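Residue numbers (the numbering used here), protein chains in the order written: chain A, 154 to 442; chain B, 154 to 442.
If you are wondering where the hints come from, they were derived from the structure by calculation, not from laboratory data.
Don't take every hint at face value.
Claimed, not checked - Simulated crosslink set (SDA-like; lysine to any residue; CA at most 25 Å straight-line):
1) A:K213 - B:E212
2) A:K213 - B:L422
3) A:K213 - B:K213
4) A:K213 - B:T217
Stated by the list, open to error - FRET-style restraints, in silico, Cβ to Cβ:
5) B:D335 - A:R338: 26 to 34 Å
6) A:A296 - B:G285: 30 to 38 Å
7) B:E438 - A:T217: 19 to 27 Å
Small disclaimer: the values here were computed from a predicted structure and weren't measured.
By construction, the Cβ of each residue, glycine as well, lies at the ideal position given by its N, Cα and C atoms.
2 protein chains.
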Amino acid sequence: MGNNDTTMIMRHPIGVFDSGVGGLTVVRALRRALPGEDIVYLGDTARVPYGSKSPRTVEKYSLTCQRFLLDRAVKLVLIACNTASANALPALRAVSPVPVIGAVEPGAASALAATKSGHIGVIGTLATIRSGAYAQAIAARDAGTRLTAVACPLLVPLADEGWTHDDIAAMVARRYLSQLFDQDRAIDTLVLGCTHYPVLAEVLGTVARELAGHDVAVVDSASAMAEAAREALGSSPPVGQSPPGSASGPNKRTTAGRLDCFATDTSRLDELAPRFLGEPLTGFELVDL
Amino acid sequence: MGNNDTTMIMRHPIGVFDSGVGGLTVVRALRRALPGEDIVYLGDTARVPYGSKSPRTVEKYSLTCQRFLLDRAVKLVLIACNTASANALPALRAVSPVPVIGAVEPGAASALAATKSGHIGVIGTLATIRSGAYAQAIAARDAGTRLTAVACPLLVPLADEGWTHDDIAAMVARRYLSQLFDQDRAIDTLVLGCTHYPVLAEVLGTVARELAGHDVAVVDSASAMAEAAREALGSSPPVGQSPPGSASGPNKRTTAGRLDCFATDTSRLDELAPRFLGEPLTGFELVDL
Chain A
154 MGNNDTTMIM
164 RHPIGVFDSG
174 VGGLTVVRAL
184 RRALPGEDIV
194 YLGDTARVPY
204 GSKSPRTVEK
214 YSLTCQRFLL
224 DRAVKLVLIA
234 CNTASANALP
244 ALRAVSPVPV
254 IGAVEPGAAS
264 ALAATKSGHI
274 GVIGTLATIR
284 SGAYAQAIAA
294 RDAGTRLTAV
304 ACPLLVPLAD
314 EGWTHDDIAA
324 MVARRYLSQL
334 FDQDRAIDTL
344 VLGCTHYPVL
354 AEVLGTVARE
364 LAGHDVAVVD
374 SASAMAEAAR
384 EALGSSPPVG
394 QSPPGSASGP
404 NKRTTAGRLD
414 CFATDTSRLD
424 ELAPRFLGEP
434 LTGFELVDL
Chain B
154 MGNNDTTMIM
164 RHPIGVFDSG
174 VGGLTVVRAL
184 RRALPGEDIV
194 YLGDTARVPY
204 GSKSPRTVEK
214 YSLTCQRFLL
224 DRAVKLVLIA
234 CNTASANALP
244 ALRAVSPVPV
254 IGAVEPGAAS
264 ALAATKSGHI
274 GVIGTLATIR
284 SGAYAQAIAA
294 RDAGTRLTAV
304 ACPLLVPLAD
314 EGWTHDDIAA
324 MVARRYLSQL
334 FDQDRAIDTL
344 VLGCTHYPVL
354 AEVLGTVARE
364 LAGHDVAVVD
374 SASAMAEAAR
384 EALGSSPPVG
394 QSPPGSASGP
404 NKRTTAGRLD
414 CFATDTSRLD
424 ELAPRFLGEP
434 LTGFELVDL
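Just chain A, same shape as in the assembly (with noise of 0.2 Å):
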């Protein structure tokens, strides 16, 4: 591909939506792996959450997220949502003519590199459990491999609260990860199966080596799913982040692309955004889907 093709399809941005602000997690991994792109993301928190809600709203949820991002002219699409990815992800890819990333595939993918026991714990949103997503992502990549999936419908009101790092935080991850311990004392390895977790990582991960009695790697979907769209995009790495093995070349994008950000409502935005980019925010523009 000549520099000049680089630079077209590098006008077309990526899209990427969410329920709402948690998949500001997946930009932030995105602005470190690809640093030049320019990104659409687009958060429908109007309709959040979308984890308790059943398959058929999930999807007709998220097809007119997909639109709205179809309609701003992405070349890919990233589904930073589990629930959606879990629910939705063959409906979204059948009326797509750009390729999309979910977040299950990644995620389950790190999952598999992370593990040594092979015993795989994975939590999430009560739909993206129910939807068996995770296990059978895991079960075609690796049949031997024992997965235990517990939902946790509080973590993501939790998470939006601001209670990260204390006393009742650590009692609900101690509820819910009792769950899925109790089941395989062998797991090693724990998926985030949501973009609102990461900021629970410290609590979620310091009580679920207390409660297994091992290190337990603690992995979710953000950086596999920006690695993905690297790939999907045939882009090298940024300097400083090749991937082991391979060769860094100079990074010839060091400008720092546009992030456009969408939402369905506005309500708590500033408060909430900021602590999963990672980075100040210019800020939304309000959108009726």
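Since the structure of chain A is provided, determine the placement of chain B on it from the hints.
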């Protein structure tokens, strides 16, 4: 009003809507106060919760809910959702040909009837507390009353998770109610300003009394809304439920009215709905709004 007129008016149902299933606590009170009336209930479970969203979104969704009820020829609309009542009542009344009863006015009246100290606390969703609706309703009735309000975003998901009588519920209640009683130790009446909270009434009352060091009355809008509905319809109270000082006539409507329930998403309804209604449910019909 003659018997024939009464029969005709009674053929029209009372409409009740809520962002979810919490509003069934109002239906429960209605069925006690007006046992012969038919009721149409709509839970906007696909877009729940309203409490964390902006007034604009709450108003928009509330209008579609009311439209659904009016299309079913209801003779009265009850907004079971405090968030919708606090943010959308004027907009709903402006377009409704039938009376519209919100949750805030009856809740405020109940609180004023219960308080002896004139110090009232109210808890609710972010959108309810931010609206200032309870402060306005109480000031309009008794300017000498002191109202302290605290938003409790985690109580709705806690109630939905069913963690209503345990150590986590007590810790969460203590964290929120401390914010209330730290501001005003003389509070003797706590308004549950959200239809979800009655299932947490026990733990909230216990913690409130512990923090206050004296008795605290816990009031909610459900019974007061049912009473307001009865007044709006000009009905006499059913046998055994006459208000103090009134003569109770024989109850002509011993037949239980119909209850037709609609929801915009069916996930978790079988699990959650009976908890709030307090009786078995024949089921919800799924509707798109």
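Flag every earlier hint the structure violates by its number, smallest first.
5, 6
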